[in-house]
Amino acid sequence: MRTLAALGALLAALLVAGPLIPSWLVFLLTVAFAKALVVLGLLVMMRAGLVSFGQGLYYGLGAYAAGLATNFLGITDALALVALGGLVSAIAGYVLGLVMVRYREIFFAMLSLALSMILYGILVRSVALGSTDGFNLPQPSFFGFSVNGPAGRLLVYALTVVMATGTAMMLHRFINSPAGVVGEAILTNEIRVEYLGTSVTSVLHLTYVIGATTAGLGGALIAIAAGHIDPDLAYWTTSGEFVFVAILSGIGHVAAPLLGMAVFEAIRSFAFQYSPYTWQMVVGISMLAVILFLPSGLWSLFAQRRRARGAA
Amino acid sequence: MQKFYVILVDGTIYFSWLFIVSMGLTLIYGVMKILNIAHGSFYALGAYTAAYAVGVYFAGHYPPVGSFLLLILSGIAVGGIVGLLVERGLLRPMYGRDEIVLVLVTYAAFLVFEDLIKLIWGVDPYFAYQPYELLGRVSIGGIAFAVYDIGLFALAVVIGIAAWWALERTRSGKLLRAVIHDREISTAMGINVARMFTATFVIGAMLGALGGAITAPAISVVPGIGVDVIVLAFAVSIIGGLGSVAGAAVGAFVVGLARAFAVHLLPEAELFVIYGVMAIVLAFRPQGLFGRPAARKI
Chain A
947 MRTLAALGAL LAALLVAGPL IPSWLVFLLT VAFAKALVVL GLLVMMRAGL VSFGQGLYYG
1007 LGAYAAGLAT NFLGITDALA LVALGGLVSA IAGYVLGLVM VRYREIFFAM LSLALSMILY
1067 GILVRSVALG STDGFNLPQP SFFGFSVNGP AGRLLVYALT VVMATGTAMM LHRFINSPAG
1127 VVGEAILTNE IRVEYLGTSV TSVLHLTYVI GATTAGLGGA LIAIAAGHID PDLAYWTTSG
1187 EFVFVAILSG IGHVAAPLLG MAVFEAIRSF AFQYSPYTWQ MVVGISMLAV ILFLPSGLWS
1247 LFAQRRRARG AA
Chain B
-12 MQKFYVILVD GTIYFSWLFI VSMGLTLIYG VMKILNIAHG SFYALGAYTA AYAVGVYFAG
48 HYPPVGSFLL LILSGIAVGG IVGLLVERGL LRPMYGRDEI VLVLVTYAAF LVFEDLIKLI
108 WGVDPYFAYQ PYELLGRVSI GGIAFAVYDI GLFALAVVIG IAAWWALERT RSGKLLRAVI
168 HDREISTAMG INVARMFTAT FVIGAMLGAL GGAITAPAIS VVPGIGVDVI VLAFAVSIIG
228 GLGSVAGAAV GAFVVGLARA FAVHLLPEAE LFVIYGVMAI VLAFRPQGLF GRPAARKI
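Quick note, the sequences are listed as chains A and B, same order. Using this note's numbering, you'd call the opening residue of the first sequence number 947 and step up by one each time. Using this note's numbering, you'd call the opening residue of the second sequence number -12 and step up by one each time.
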């Protein structure tokens, strides 16, 4: 209950802050929260032991679904596009999930990597979809009104923030639901879960579809926010980044990916701004520092303090 | 028929390259259970060092034959030094952490190396075409092939045989196989596992850098050449079964041929085919063609 209230407060604060903060911060947070959606799904998957190095597949699918719907079907409504991105990824996740849930650990990671690289390979070679350059999306509309300029960007920001915190709330409910708890049990000992009479496959399948759906939502949101999509959305470095942020944030709490992704995007943006030739180095060193000094992720900063207070 | 022949030869050339590049990755995974993303950096470092060294060498007008030796030695040297630094400085404090965390450590190392390479060598392309041109071309069965590429194949065969011999026929190879089989029992039996790890990582890094060094004459060495190599080497190792030398050979051959077929018959499917093969193999044999399935533990 406390988590839900805190997330609600965060949402309210972010919405109120939207018009007050500078536009670069609005964009940074929009991108961060759109990507945090992907990490949220990954968090649920990782709690059940499914570490996917191929979330770029659903991220890219969601983005391309939104992009294609805009350019070929003429749908510009932001909500419809996001819903479509989530739906396409959910369906793809359901179908592929039938196969994927048979794999564990490194095999799961590598098979998901292979699938995302197949999508990348197809996109790179599709001249009609702009090949490696991708294509641009026009400004989205909201309920039939097209809002341009800063106001439009604020609306996209608001939509992203609502989606991200809303998903975080729902996933918080999920990981405390029977299916979510069984997921953790599967990570500890899968065969015992089976002996106890629970279907490991169906729980993992559900978890996998959740991961795919949130990645699709994130992809559609990033397509709308950035106004441009290209095959790099499905490349392995993108997928690797999501795993990275999931580990750096810590998978103990649904708010961790929101914080982690915002920190990650901030580090990257500032590194890119102030040392354009060495930004990857800055990001890499920051990551190493977190892995070394905060083994349980950024979130442990908060969790530890709370535990200390509780003990006192 | 002619086309099929060309595909076969092209596939074989690509195989040689893939095999040398993937060997190091699969070796490191087999022994240390680390999916080394920094392998792509070793490859890039090898390519840059070799291209730079060859450039200097030819500017000095030394006998051109020495450039081949220089290529190989510069690759091995830079791979060895950097491999040792990464293992000792970065990975050693992390042993015992989760496999995924180790992947991320090597990923971070990869990011750092990407920029380090740009800082050292700049962003302009390097060319080291001389060794490639020097050997000229030879006509086999009516089609001209670069002798250099055939040399690559010979090198791949030599490395493959050397690896097999070292693992199967020497004392250290036997010890290493014991470590692969069971790390804890090996430690209990008095094998210095830490030293084995260092040696494996250094050799793996050398192979990665060597792969880059020998490729340098055939390509233009530009920033970002490492990033595609990683995932290709993953595909090869996974298809063959991570940690198996024979698997790397078979995986490289499958990927090499598949790509050659795609390039000649359906160029749009080039990337798709490689990862398609990987997905199909994983779907039917998740442990790879040469991997052994793990027993289910209760």
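Honestly, the hints are just simulated from the structure, not real lab data. Ideal Cβ positions, reconstructed from N, Cα and C, are used throughout, including at glycine. Any given hint could turn out to be false.
[Said to hold, decoys possible] Only some residues are given here: those of chain B computed to face chain A with a beta carbon under 8 Å:
no., residue
1, Ile87
2, Leu91
3, Ala96
4, Asp169
5, Arg170
6, Glu171
7, Ala175
8, Leu252
9, Met265
10, Leu269
11, Phe277
[What the hints assert, rightly or not] Sample of chain A residues at the chain B side, in silico, Cβ under 10 Å:
no., residue
12, Thr949
13, Leu950
14, Ala952
15, Leu956
16, Leu960
17, Phe999
18, Leu1234
- prompt: Failing hints, ascending?
  reply: When the structure is compared with the hints, numbers 4, 5, 6, 7, 8, 11, 12, 13, 14, 15, 16 turn out to be violated.
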